[in-house]
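Construct the entire structure; sequences and hints are all you get.
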Amino acid sequence: MIIFILSTQNEQNGQHMAYWLFKTEPDTFSIDDLKVAGKQGTFWEGVRNYQARNFLRDNVKLNDLVFIYHSSCKVPAIVGIGKVITAAQPDPYQFNNKSDYFDSKASIQNPRWYGVTLEYVKHLQPISLADIKADPRITELALKKASRLSIMPVTENEWQLLNPS
DNA sequence: GCCAACGTTGGC
DNA sequence: GCCAACGTTGGC
13 MIIFILSTQN EQNGQHMAYW LFKTEPDTFS IDDLKVAGKQ GTFWEGVRNY
63 QARNFLRDNV KLNDLVFIYH SSCKVPAIVG IGKVITAAQP DPYQFNNKSD
113 YFDSKASIQN PRWYGVTLEY VKHLQPISLA DIKADPRITE LALKKASRLS
163 IMPVTENEWQ LLNPS
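Residue numbers (the numbering used here): 13 to 177.
Hints in this document: simulated from the structure, not taken from any laboratory.
One should not assume that every hint holds.
What the hints assert, rightly or not - Pairs of lysine-lysine residues, derived as DSS-like cross-links and limited to a Cα-Cα distance of at most 30 Å, are as follows: (1) LYS134 <-> LYS156; (2) LYS51 <-> LYS86; (3) LYS134 <-> LYS157; (4) LYS95 <-> LYS51; (5) LYS117 <-> LYS134; (6) LYS157 <-> LYS145; (7) LYS134 <-> LYS73.
Stated by the list, open to error - Computed spacing ranges between beta-carbons, pair by pair: (8) LYS86 <-> ALA49: 19 to 27 Å; (9) GLU37 <-> LYS157: 15 to 23 Å; (10) ASN66 <-> GLU168: 15 to 23 Å.
Note that CB positions come from ideal geometry on N, CA and C, so glycine has one too.
Laid out in structure tokens, this is it:
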């Protein structure tokens, strides 16, 4: 019962949970793929940018909520929500020399790249990049600034503005 | 498919 | 540690 109550609130051990936006190319991995993965979720592999890595490794916590954003497609947009079900773990692809994500400078003892595991929560009515850019209330989101960041924080205020419910 | 903006690499 | 050259991202 207590667990149930905790899980329905916005807090975890007294710490307020955080909000994020993760980009993905839907041709490679879409929110529908995340949905199909079900309760076991999907490991968010292949992030190879240090700023994004630092967020994943140091700041993205269990139960944080994530806007799923489709990039490099016809209508770039926030398309839904995911939830973090496993905090940072070394990205195994960095050790696999047959993978595009292989990094010869990374070792098991000293991993360089990390990922978290997300579980599908729900689809949203898509919020296009054009809409976000046109919304004068949204000023802090890194997407506003032609950022190439693939993992970015979302303030609670802007999360609520984009996802009122 | 173009290309601007940005991140990374490596010679010096 | 600067910075030119190169590679990548991602909107358009």
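**Prompt:** Among all the numbered hints in the text so far, which are the ones the structure does not match?
**Reply:** 5
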